[in-house]
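Sequence order for the protein chains is A and Z.
Under the numbering used here, read the first sequence as residues 1 to 270, first letter to last.
Under the numbering used here, read the second sequence as residues 1001 to 1270, first letter to last.
What the hints contain is simulated information worked out from the structure, not anything from laboratory work.
Worth double-checking, as some hints may not be accurate.
As the list claims (entries may be wrong) - Okay, the calculated bits of chain A under chain Z, using three or more residues with CB under 8 Å as the criterion:
hint, segment
1, 173-180
2, 207-219
Said to hold, decoys possible - In silico negatives: residues of chain A with every beta carbon more than 10 Å from chain Z:
hint, residue
3, 111
4, 183
5, 187
6, 252
As the list claims (entries may be wrong) - DSSO-like mimics (lysine-lysine), calculated; alpha carbons at most 30 Å apart, straight line:
hint, chain 1, residue 1, chain 2, residue 2
7, Z, 1115, Z, 1053
8, A, 15, A, 50
9, A, 15, A, 81
10, Z, 1115, A, 225
11, A, 115, A, 53
12, Z, 1225, A, 115
The C-beta atom is built at its ideal place from N, Cα and C for all residues, glycine as well.
2 protein chains.
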Amino acid sequence: MSIMRRFSFNHATAKFWDQREAVEACARTGSGIGLWREPVQEMGLEASAKLVKDAGVQVTSLCRAGFFTDPTQAAIDDNRKAIDEAAELGAPTLVLVSGGIPEGGTIDSAREGVKEALSVLAPYAGERGVTLSIEPLHPMFASDRCVVTTINEALDLAAPFPAGQVGVVVDTYHIWWDPQVWQGIARAGREGRIASFQFADWVTPLPAGVLTGRGQLGDGCVDFKRYLAEVDATGFTGPIEVELFNDALWARPGAEVFEETRAAFARVLE
Amino acid sequence: MSIMRRFSFNHATAKFWDQREAVEACARTGSGIGLWREPVQEMGLEASAKLVKDAGVQVTSLCRAGFFTDPTQAAIDDNRKAIDEAAELGAPTLVLVSGGIPEGGTIDSAREGVKEALSVLAPYAGERGVTLSIEPLHPMFASDRCVVTTINEALDLAAPFPAGQVGVVVDTYHIWWDPQVWQGIARAGREGRIASFQFADWVTPLPAGVLTGRGQLGDGCVDFKRYLAEVDATGFTGPIEVELFNDALWARPGAEVFEETRAAFARVLE
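Given the sequences, and given the hints that come with them, work out the whole structure.
Below you can see the structure in the form of structure tokens.
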């Protein structure tokens, strides 16, 4: 089976590309798609669900909820809404970025907030057939974006819940530096928690703002073949999303970025 | 005892300040000093050693050697030279930043290079009464500057050697995000490996280039009181160096930065 059968294009890689065109490109190439809430809401939830269904495109994830380190009612409500959206779109998983340190808090208190939010949201997600994917982000985002920083930390947060309710994202960009990464991936597989598998490359120098420095596959130091081998060794056979936040890519036509990304994906896994 | 008795000013905090003036300021205030190889070499090793000795200033560390992920003979020779310099200056410890991923290597192979280099350098350092301090750097530097990213990883690297030969740096800037940080500090203390304790604050947004974003104490999210309590709870009673790489500080007069840094140190530990 060609590895391209597992390719999924995360819409954020061509952030400003029309959602309909992105879905059509995925349909033509047999690719999956990772959708984002904002374009989905712009088109309308029902219309978006119909679009992917009619096109026969697998939605591999919905991005993104979370931001509940201060688990206010508003934050919980928005996450419930995101779970409903994922269910309606047929997305097996909703990606959660935890959020940073709330005003007056510490990273430890923020992590307690995440536990609290998950305890409320996990059963709700489970009832709707959606697995919550806790995404550890690179530690350079720990204060302002995501206090969850390693795969083992994400697994510890997931542990109190059934694997069908809470899993983790294995995103090469965020975890490639971790001395425990191979052990963490094996553990995630053993515990049945790999709910999303994403590729992006690590390239330096980082751009100002650091958010949009994710490199095209092959441009950096991530050994994608090894990641694929380690993840597959756990028995995982799911899709692999390519999600690149990159200003230079965002400035280019989506169709071109889509083709380049498919080619890079094939090349790094050759 | 006033906490100021443990204050040490790392010369890099006022990078362009004359070494003699920095040492004199430390002498006047009873502070220690963390020296850097480049200014030491500029003044001359013997003259620098005489300067601190005559001033009665404790050299708390010499920065910086390492960069041996590709442990060539030249890299090893330079590290031996740095060890000799530390011994001559009376510095109890030499800080090691491992270096990034060598051309054609992976982070795993780079980490093997570090082990190899340490096995050659540790006995050499031990014979000269210098402890090598492995410094884990923030993972945003993992590809191009330091493949050692966590306190536990540094402790694992130190483990094969006597604690008198190889210890670790506890630098708040680099490790504050780590979910294992409190456990790691306790372990470092238990294993007698805390060879250097450094303060800098984590502030966002990071500047372009990310190297010079270390915040003045109190400007960011690091809980310095907690760090001091956790480190002291292990029985550590050594100096605390403030080391800030910060373009805005570097642009100002050294004497002013020195006073501000002492005041900030006192304030965050009040």
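A quick look at each hint next to the structure:
no., hint, in the structure
1, 173-180, "holds (count 4)"
2, 207-219, "holds (count 4)"
3, 111, "7 Å, violated"
4, 183, "12 Å, holds"
5, 187, "15 Å, holds"
6, 252, "22 Å, holds"
7, 1115(Z) <-> 1053(Z), "34 Å, violated"
8, 15(A) <-> 50(A), "21 Å, holds"
9, 15(A) <-> 81(A), "22 Å, holds"
10, 1115(Z) <-> 225(A), "25 Å, holds"
11, 115(A) <-> 53(A), "34 Å, violated"
12, 1225(Z) <-> 115(A), "25 Å, holds"
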